[in-house]
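Chemist: Going from the sequence shown to this note's numbering is simple: count from 1 and add 75.
Quick caveat, the hints were computed from the structure, so don't treat them as lab data.
Watch out, some of these pointers could steer you wrong.
Between beta-carbon pairs, the in silico distance windows are [what the hints assert, rightly or not]:
1) 95 with 139: 32 to 40 Å
2) 93 with 175: 26 to 34 Å
3) 133 with 186: 39 to 47 Å
Computed from a predicted model, the values in this text were never measured in an experiment.
Backbone N, C-alpha and C fix where the C-beta goes; we use that ideal spot for every residue, glycine too.
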Amino acid sequence: MLDALRQPLESGEVVIARSAGSLRLPASFLLCLAANPCPCGRYSRRGEGCECTPAMVSRYQGRLSGPLLDRVDLRVQVDPVTRAELLERDSPAESTAVVAARVRAARERAATRLAGTPWRTNAQVPGRELRSRWRPEEGALAEAEREMERGLLTARGLDRVLRVAWTVADLAGRAEPGRLELRTALTLRRGFPTGTALLGPAPGARS
Numbered sequence: 076m077l078d079a080l081r082q083p084l085e086s087g088e089v090v091i092a093r094s095a096g097s098l099r100l101p102a103s104f105l106l107c108l109a110a111n112p113c114p115c116g117r118y119s120r121r122g123e124g125c126e127c128t129p130a131m132v133s134r135y136q137g138r139l140s141g142p143l144l145d146r147v148d149l150r151v152q153v154d155p156v157t158r159a160e161l162l163e164r165d166s167p168a169e170s171t172a173v174v175a176a177r178v179r180a181a182r183e184r185a186a187t188r189l190a191g192t193p194w195r196t197n198a199q200v201p202g203r204e205l206r207s208r209w210r211p212e213e214g215a216l217a218e219a220e221r222e223m224e225r226g227l228l229t230a231r232g233l234d235r236v237l238r239v240a241w242t243v244a245d246l247a248g249r250a251e252p253g254r255l256e257l258r259t260a261l262t263l264r265r266g267f268p269t270g271t272a273l274l275g276p277a278p279g280a281r282s
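Work out the full structure: start from the sequences and follow the hints.
Modeler: Structural data, given as structure tokens:
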């Protein structure tokens with residue numbers, strides 16, 4: 076059932092085929108997947124409490140196929156909350172209004188760049204256009220190219236990394252993604268622990 080989502084994720088539509096004909100329906104959606112790290116659910120980087128063998132963990136995580144995961148752009152490892160974090164009164168998190176304003180500005184920046192095209196957001200831009208018309212900063216793709224040579228990144232994965240890198244650049248107010256933005260997009264694709272600093276210098280600063 077999960078793998079049935081692969082084609083709609085790729086094309087943004089669902090095709091229902093029957094003997095009398097076929098029906099094509101729009102299906103542009105945001106997919107959010109969540110899973111425990113192992114069967115018992117207690118596996119963590121601290122190595123405490125988990126009773127699962129490496130084979131059990133591998134078999135459990137293998138239930139999400141490679142082709143499906145290849146279509147997941149952002150992967151975040153969420154660590155268990157500590158007692159101090161749970162009882163903390165003053166949260167350092169930004170307010171929804173602050174984040175919404177930053178997202179709104181980024182979307183407007185992307186819409187301005189894509190004016191005159193059939194697309195409005197980075198997610199809609201075909202990979203061939205990202206690789207030719209809107210190329211990142213010179214040399215920014217070096218790390219991604221090495222991962223492709225090692226078989227760690229597919230052609231589809233590269234296109235998705237480029238889209239995320241453009242979004243990171245738009246959020247930071249950059250005219251184009253550079254090495255920092257590509258590294259951030261790659262790190263988000265690999266998966267990283269919560270609390271890891273990704274974006275580096277303040278918006279406008281150079282890496």
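Chemist: So, for every hint listed, does it hold in this structure?
Modeler: Now for the hints, and whether the structure bears them out:
no. : hint                     : result
1   : 95 with 139: 32 to 40 Å  : holds (35 Å)
2   : 93 with 175: 26 to 34 Å  : violated (43 Å)
3   : 133 with 186: 39 to 47 Å : holds (43 Å)
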